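Student: Here is how the chains run, residue by residue.
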Amino acid sequence: MTPVVEVDRVSKSFGAQPVLQELSFSIERGEIFCLLGPNGAGKTTTLEILEGFLAPDAGAVGVLGHDPITSGGTLRRRVGVVLQESGFPKYLRVGEMIETWRSYYLDPLPYDEILDLVGLRNDETKLVRKLSGGQRRRLDFALAVAGDPEVIFLDEPTTGFDPEARARCWETIVGLRDLGKTVLLTTHYLDEAEHLADRVAVLRDGAAGAIGSSQELAQLAGLGVTVSFRIPSDEARVLASGFPGLEASHELVEGEIDDIGALVRRIEALDERAAQRAYASLRIQPPSLEKTYLALVGEPPSAAGTES
Amino acid sequence: MIFTFLLPLMVLALVGMMNSGDDLGDRTDIKAIVFVVPGVLAFAVVVAAYAHLATRIAVLRAEGVLKRIRTTPMDPRTYLFAHLVSNLITTMLACASTVLLGVVAFDVSPQADGAAALTLGLVLGIMCFASLGLALSSVISHADTAAPITHATYLPLALVSGVFDPTIDIPGWLEMLVSLFPVRALVEILTSAYDPMADGTLLGPSLVLTLWGIAAIAIALRTFKWVPTRK
Chain A
0 MTPVVEVDRV SKSFGAQPVL QELSFSIERG EIFCLLGPNG AGKTTTLEIL
50 EGFLAPDAGA VGVLGHDPIT SGGTLRRRVG VVLQESGFPK YLRVGEMIET
100 WRSYYLDPLP YDEILDLVGL RNDETKLVRK LSGGQRRRLD FALAVAGDPE
150 VIFLDEPTTG FDPEARARCW ETIVGLRDLG KTVLLTTHYL DEAEHLADRV
200 AVLRDGAAGA IGSSQELAQL AGLGVTVSFR IPSDEARVLA SGFPGLEASH
250 ELVEGEIDDI GALVRRIEAL DERAAQRAYA SLRIQPPSLE KTYLALVGEP
300 PSAAGTES
Chain B
0 MIFTFLLPLM VLALVGMMNS GDDLGDRTDI KAIVFVVPGV LAFAVVVAAY
50 AHLATRIAVL RAEGVLKRIR TTPMDPRTYL FAHLVSNLIT TMLACASTVL
100 LGVVAFDVSP QADGAAALTL GLVLGIMCFA SLGLALSSVI SHADTAAPIT
150 HATYLPLALV SGVFDPTIDI PGWLEMLVSL FPVRALVEIL TSAYDPMADG
200 TLLGPSLVLT LWGIAAIAIA LRTFKWVPTR K
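As they're listed, the protein sequences go chains A and B.
Mind the numbering: the first sequence is residues 0 to 307 in numbering that gives the first Met the number 0, read in order.
Mind the numbering: the second sequence is residues 0 to 230 in numbering that gives the first Met the number 0, read in order.
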């Protein structure tokens with residue numbers, strides 16, 4: 000099966016400033032794929048190329064097997080877009096906007112389904128210009144899904160949201176995946192990528208530094224899992240000395256290890272009571288995406304730079 | 000939108016009140032108001048077809064509404080065409096109400112044989128100024144500056160073209176210059192529809208409107224953008 004979105008060695012410069020340099024990734028049907036990176040890493044530029052607003056200088060992109068620049072309405076019928084920033088006609092009501100947008104498509108989502116999906120049920124008759132920021136963003140979503148698209152591009156969907164609005168937005172995005180949609184989103188929030196994305200591409204200087212699930216990225220970054228457990232203190236000291244990442248203090252052994260299998264075999268080798276004790280208190284934690292990200296790009300994603 | 004209707008009417012009411020009884024240069028057969036009405040009618044075309052369209056498209060572009068439309072499967076030509084039709088209706092209503100106000104308030108009507116000149120002026124004028132409005136919208140990059148820039152492009156020209164005062168006296172060289180611009184050309188054609196002594200030769204001003212219109216649409220088609228200017 001061909002991927003829903005394919006980006007193949009795409010380069011793009013604005014004037015003398017290179018923004019994308021041989022960026023490649025592909026997205027399978029039904030995935031939530033996240034482009035993560037600092038401001039200016041090329042996230043929005045990538046989306047604008049996939050949306051047909053910009054032509055790449057070199058390389059090729061395909062969305063549902065089409066070239067977004069030349070395919071026109073054929074492709075736009077099957078793609079929903081939430082732009083980073085875009086206005087509404089001011090004098091329409093929420094319901095009228097949604098109905099207008101539905102009329103642009105041959106086989107739109109049912110009106111009520113859209114309202115429920117984005118959570119605008121109680122704002123149907125509100126004038127668009129009187130909506131709050133969060134409500135406007137939900138209307139952005141409503142219009143993007145009006146045509147029942149197969150693929151949805153979301154450019155920083157939750158920037159500027161309060162925590163509650165963000166949680167609602169995440170629910171909507173997960174709801175889209177449940178409907179079988181393929182979602183590509185950009186964000187500079189690590190928790191957003193970690194919470195939503197099946198796979199993450201870490202964008203750095205216009206290229207995908209690493210691509211994978213957050214576990215795969217952690218492996219790529221050479222990060223182990225964090226473990227802790229308790230065994231009798233003399234055993235603890237001996238055991239910890241066998242693993243460079245582990246430290247013992249009294250009965251507590253904790254630290255980071257690469258090979259969890261080796262640890263399990265070592266625990267099995269203890270006497271039964273000590274092993275039972277270890278298993279009863281054992282905690283294993285995968286590395287957070289934040290830790291992975293820092294290991295991969297060396298600076299937090301909100302670091303300064305100009306957005307492009 | 001309401002402003003677009005009201006502006007020409009307010010101008011006609013005020014200018015008409017001020018100089019409806021004035022003499023018109025060396026003409027003894029008519030009063031100045033007979034020329035004020037077609038002047039303001041030309042102003043109505045400029046305000047509705049040009050200024051209103053230019054600011055509307057510029058604001059829609061700057062605020063990203065055009066970009067959002069471009070993400071839908073709607074044919075962009077259909078969308079633009081719909082805007083032009085809507086603008087045409089606005090312009091015709093503004094013109095009709097101006098003509099009507101001239102008849103009702105000042106007892107000034109087009110000449111019986113002026114229908115051809117009136118039609119010619121409105122058709123060429125609306126096409127020319129709508130094209131110019133579309134072209135102008137492309138050079139405006141912020142919603143805030145759309146109205147000031149637009150007004151600055153036509154108000155001085157309207158003034159020296161005698162839109163508000165047909166008796167205006169300007170230096171010869173300026174007169175020459177102004178006659179190359181489309182506002183004056185439109186005023187001349189529309190005035191001939193109201194002038195009982197009109198001789199019916201409208202080739203010069205028609206040519207001016209046509210050439211400006213062709214140039215404007217060529218520029219508009221080349222420069223039209225769906226996305227806001229990058230910051």
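The hints are simulated quantities; they were obtained by calculation from the structure and are not laboratory data.
All values reported here derive from a predicted model rather than from experimental measurement.
The beta carbon of each residue, even a glycine, is placed where N, CA and C say it ideally should be.
Among the hints, a few may not be true.
To be verified - Listed below are several chain A residues computed to face chain B (Cβ distance under 8 Å; list not exhaustive):
id	residue
1	F24
2	P55
3	G58
4	S70
5	G72
6	R75
7	R76
8	V80
9	L82
10	E84
11	F87
12	Y103
13	D106
14	Y110
15	Y278
As the list claims (entries may be wrong) - Only pairs whose alpha carbons sit at most 35 Å apart, straight line, appear in this in silico DSBU-like list of lysine-lysine:
id	chain 1	residue 1	chain 2	residue 2
16	A	K89	A	K129
17	B	K224	A	K125
18	B	K224	A	K129
19	A	K89	A	K125
20	A	K89	B	K224
Student: Against each hint, give a clear statement of whether it holds in the structure.
Tutor: Here's how the hints hold up against the structure:
Taken as an interface hint, A/F24 does not check out: its beta carbon lies about 21 Å from the nearest beta carbon of chain B, beyond 8 Å. Checking A/P55 against chain B by beta carbon gives a least distance of about 16 Å; that is not within 8 Å, so the hint is violated. A hinted interface residue such as A/G58 counts as satisfied when its beta carbon comes closer than 8 Å to some beta carbon of chain B; here the least separation is about 21 Å, so the hint is violated. With a least beta-carbon distance of about 10 Å to chain B, the hint placing A/S70 at the interface is violated under the 8 Å criterion.
Contact between A/G72 and chain B, as hinted, is supported at the beta carbon level, the nearest pair being about 4 Å apart and thus within 8 Å. Given hint, A/R75 at the interface with chain B, holds; its Cβ is 4 Å from that chain's nearest Cβ, closer than 8 Å. Using the Cβ-Cβ criterion of 8 Å, the hint placing A/R76 at the interface with chain B is satisfied: the shortest such distance is roughly 4 Å. For A/V80, the interface hint holds, since its Cβ comes within 8 Å of a Cβ in chain B; the closest pair sits about 4 Å apart.
The beta carbon of A/L82 is positioned within 8 Å of a beta carbon in chain B (closest approach about 6 Å), and the interface hint is therefore held. For the restraint placing A/E84 at the interface with chain B, the shortest Cβ-Cβ distance is roughly 6 Å, inside the 8 Å limit, so the hint holds. Taking 8 Å as the C-beta cut-off, the interface hint given for A/F87 holds, the closest approach to chain B being about 7 Å. With a least beta-carbon distance of about 4 Å to chain B, the hint placing A/Y103 at the interface is held under the 8 Å criterion.
With a least beta-carbon distance of about 11 Å to chain B, the hint placing A/D106 at the interface is violated under the 8 Å criterion. Interface restraint check for A/Y110: the shortest CB-CB distance to chain B comes to about 17 Å, outside 8 Å, so the restraint is violated. Of the supplied interface hints, the one on A/Y278 is violated, with its beta-carbon coming no nearer than about 54 Å to a beta-carbon of chain B, more than 8 Å. Between the alpha carbons of A/K89 and A/K129 the distance comes to roughly 9 Å, so the proposed pair stays at or under 35 Å and holds.
For a cut-off of 35 Å, the pair hint linking B/K224 to A/K125 stands: about 30 Å separates their Cα positions. Simply put, B/K224 and A/K129 have alpha-carbon atoms about 28 Å apart, close enough for the 35 Å limit, and the pair holds. Taking the CA atoms of A/K89 and A/K125, the gap is about 11 Å. The hint holds against a cut of 35 Å. For the suggested pair A/K89 and B/K224, the alpha carbons sit about 21 Å apart, so the restraint of at most 35 Å is met.
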